[in-house]
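Enquirer: Please build the complete structure, drawing on both the sequences and the hints.
Residue numbers (my numbering), protein chains in the order written: chain A, 1 to 285; chain B, 1 to 285; chain C, 1 to 285.
Hints listed in this document are in silico derivations from the structure and should not be mistaken for laboratory results.
Do not rely on the hints blindly, as some may be mistaken.
Note that identical chains are pooled: a pair holds if it fits in a single copy or bridges any two copies.
Said to hold, decoys possible - Lysine to any residue pairs mimicking SDA-like chemistry, simulated, CA-CA at most 20 Å apart:
1. LYS275 <-> LEU6
2. LYS246 <-> GLY61
3. LYS246 <-> LEU24
Predicted model, so just to flag it, every value in this text is computed and none were measured.
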Amino acid sequence: GAVWRLDSGMHSGSRIGFRGVEDLGGGLSALFVLENGHNLDAGTAAQGGLLFGRQAWVGLGSAVGTVKFGRQITPIHNALGVIDPMATGLAGDISRIINSYGVRMNNTVNYTLPKLAGISGELAYGLGEVAGDSSASRQIGLALNYTNGPVVAQFAFHEAENPTGTDSARTTLLGGVYNFTVARLHAAYAVNRGLGTLDTRDAMIGASVPFGAHSFMVSYIHKEDKARADADADQINLAYTYALSKRTNLYTSYSRTSNDSVVSYLAARPGATDKVINAGIRHRF
Amino acid sequence: GAVWRLDSGMHSGSRIGFRGVEDLGGGLSALFVLENGHNLDAGTAAQGGLLFGRQAWVGLGSAVGTVKFGRQITPIHNALGVIDPMATGLAGDISRIINSYGVRMNNTVNYTLPKLAGISGELAYGLGEVAGDSSASRQIGLALNYTNGPVVAQFAFHEAENPTGTDSARTTLLGGVYNFTVARLHAAYAVNRGLGTLDTRDAMIGASVPFGAHSFMVSYIHKEDKARADADADQINLAYTYALSKRTNLYTSYSRTSNDSVVSYLAARPGATDKVINAGIRHRF
Amino acid sequence: GAVWRLDSGMHSGSRIGFRGVEDLGGGLSALFVLENGHNLDAGTAAQGGLLFGRQAWVGLGSAVGTVKFGRQITPIHNALGVIDPMATGLAGDISRIINSYGVRMNNTVNYTLPKLAGISGELAYGLGEVAGDSSASRQIGLALNYTNGPVVAQFAFHEAENPTGTDSARTTLLGGVYNFTVARLHAAYAVNRGLGTLDTRDAMIGASVPFGAHSFMVSYIHKEDKARADADADQINLAYTYALSKRTNLYTSYSRTSNDSVVSYLAARPGATDKVINAGIRHRF
Chain A
1 GAVWRLDSGM HSGSRIGFRG VEDLGGGLSA LFVLENGHNL DAGTAAQGGL
51 LFGRQAWVGL GSAVGTVKFG RQITPIHNAL GVIDPMATGL AGDISRIINS
101 YGVRMNNTVN YTLPKLAGIS GELAYGLGEV AGDSSASRQI GLALNYTNGP
151 VVAQFAFHEA ENPTGTDSAR TTLLGGVYNF TVARLHAAYA VNRGLGTLDT
201 RDAMIGASVP FGAHSFMVSY IHKEDKARAD ADADQINLAY TYALSKRTNL
251 YTSYSRTSND SVVSYLAARP GATDKVINAG IRHRF
Chain B
1 GAVWRLDSGM HSGSRIGFRG VEDLGGGLSA LFVLENGHNL DAGTAAQGGL
51 LFGRQAWVGL GSAVGTVKFG RQITPIHNAL GVIDPMATGL AGDISRIINS
101 YGVRMNNTVN YTLPKLAGIS GELAYGLGEV AGDSSASRQI GLALNYTNGP
151 VVAQFAFHEA ENPTGTDSAR TTLLGGVYNF TVARLHAAYA VNRGLGTLDT
201 RDAMIGASVP FGAHSFMVSY IHKEDKARAD ADADQINLAY TYALSKRTNL
251 YTSYSRTSND SVVSYLAARP GATDKVINAG IRHRF
Chain C
1 GAVWRLDSGM HSGSRIGFRG VEDLGGGLSA LFVLENGHNL DAGTAAQGGL
51 LFGRQAWVGL GSAVGTVKFG RQITPIHNAL GVIDPMATGL AGDISRIINS
101 YGVRMNNTVN YTLPKLAGIS GELAYGLGEV AGDSSASRQI GLALNYTNGP
151 VVAQFAFHEA ENPTGTDSAR TTLLGGVYNF TVARLHAAYA VNRGLGTLDT
201 RDAMIGASVP FGAHSFMVSY IHKEDKARAD ADADQINLAY TYALSKRTNL
251 YTSYSRTSND SVVSYLAARP GATDKVINAG IRHRF
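Expert: Below, the structure written as structure tokens:
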């Protein structure tokens, strides 16, 4: 049956944290972020109860880029945030369908390029920390962005080795946004391979329309299974936000995921349809 | 046997948190509170290990009242805090005997009235979040306060449905404080019904005497069981606090609970007597 | 096999916290510290998941000393921090070999002397909180320090009763540092007795050499077992740090522990050798 819930972090995950920068001179700086995620409905820590489950890292910044060490967001999740009309939030968060590899990765060294000629990017290496096998459980992530006037082009790749180092899951993502001023057009395409015989494609097309304090967002996502029959899924997403101020807004959003007969993306049973509708308030500080 | 303990939060629960208000213009404001409870004796999170176990909510305030969403204190616990000489703290905390329904409720929408002509109040609705049955595990709380010169009158009601939605526990509370300047007289009466055949009454009478930096508090609570014989209990409470500053005070308090032969309120065995004595320092910041 | 890891808190434990002092007048002050430890590599709370696992206490300070109540560092661990060239950090942290009784103790009343004529000290009493037996699980700690020009002399004692109050583990520590300006010489000797027939000695000799922003540290620790044959262990430690600023430094360190045939200090199997090498960045804020 249906459930009425009071939930937390529907527009964007509830968070609070600490961040700092120290200028070390000579263009060098020391940086850190400790960011907690939590659920307002029950006062619990989010991300499975982690204290600083959203981000926890220390790093060094310079003119040739930034190196960060710790728990960090996967480059592919950052890339999805750029091209999703919902900005990986609300009911239609693109990362509910397109794999962002757990949103975050532990034990990670991340190198972020300085922005140059419209190009920015990041490379992440997550240690598997398995004794005697440095490839087991290892993750590698990459994202590249090109922004020029109304055009945003985004590329990302992520590979996660299994715990025995014998196979890996891999996603390659290409996407973009074009700003027509009255509206922005969004599109993305992803290829997913492994573990095992997994071989799927994701295609997204969407639009976002700002109008003063109002914003309307829509997206359609299709998942196609190349390895199995009757294993595709479709999702349509709608959202509306109203800004009460720069820091506070109201929102409502809707997502509907329909599955072919052998798959159950976001649903309880194969072939079932999942619907989410929510409304709320987001306050940033 | 007796136990000597170094404990935390004896005067009032140890806490630390974050709060904020944003003026949205037009009399509207956005509010939030994230409040952690903890135990200084062992460095643990309190409220069963929750990160923000005391309060966690976001809300909107206006001239016609405030709406808050999240984990919040039950209206009946707030009401007990008004009429208890111990302010629901110290060894003789009234909520150790009179049911305040777990002190806090999750998944809650709370509407708080603006104070008008001495009247204030709040209404809370806690979603049960049980699929297919919106009344299961639901909670409803209400409190009304009238303050006029030396008189404070307080009403509260709380109802908590069981997880199957087939029965509920209900408490109705009436209380007051009268300020004679040299001393304040406190009184309360509560009727508890359900789950099942539970049918009890609580009566409290007490006094608080401020004297410069010193405060003396006393209360007597009687619990009467209308459904069972030999099931009453009595509690006497004494407390003394000394203010070192506006933010820091010393305290000592005593509570003695004696049970009739078939009940064991706060005690290990039916018919047993429980005694608590403590002394300490409270620092607010 | 060997493991490559991205870890947290290798130079000194990762931490964030809250502290405060209130001047109460008349030389009296109220103090508190809430200090969280965490692991940047995975965003987890450290010290076994405690929220304020490093320190959590409230206290009163005056001209005759400071009394603190809560979870606090053992006096013997503070003493080891004074005489260890590694300052109980890095790969060669002396408390990995010399018992500092869990680094911290719960339910503790700590009395710290005011510094007078170069002498400072602290006395800690940790309640066992076992019903009917006030000595069970009790801990007593003591540390005394004498500092005069280039000389630092340090004494410490710690005793921890077992949970039944029938036996105790005891360590007596004597150590010192002599500052020759170009280098500091460090030495320590500890006697460990109980539980049961345990009877061991620890001897450490070390040096630290500051050179501008560079620091070089070395120590050698020998553990001798008086009760058992073939039960000794040896550890050599090297470290180098480079200060990027007052708050940020790079570090690398090495530790090698070799065990006699019947013991396995820091190693997986009796007689095995354990090696640790690390490198990283520490940022304080």
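Enquirer: What are the numbers of the hints that this structure violates, sorted from low to high?
Expert: Of the numbered hints given earlier, the structure breaks none, since each of them holds.
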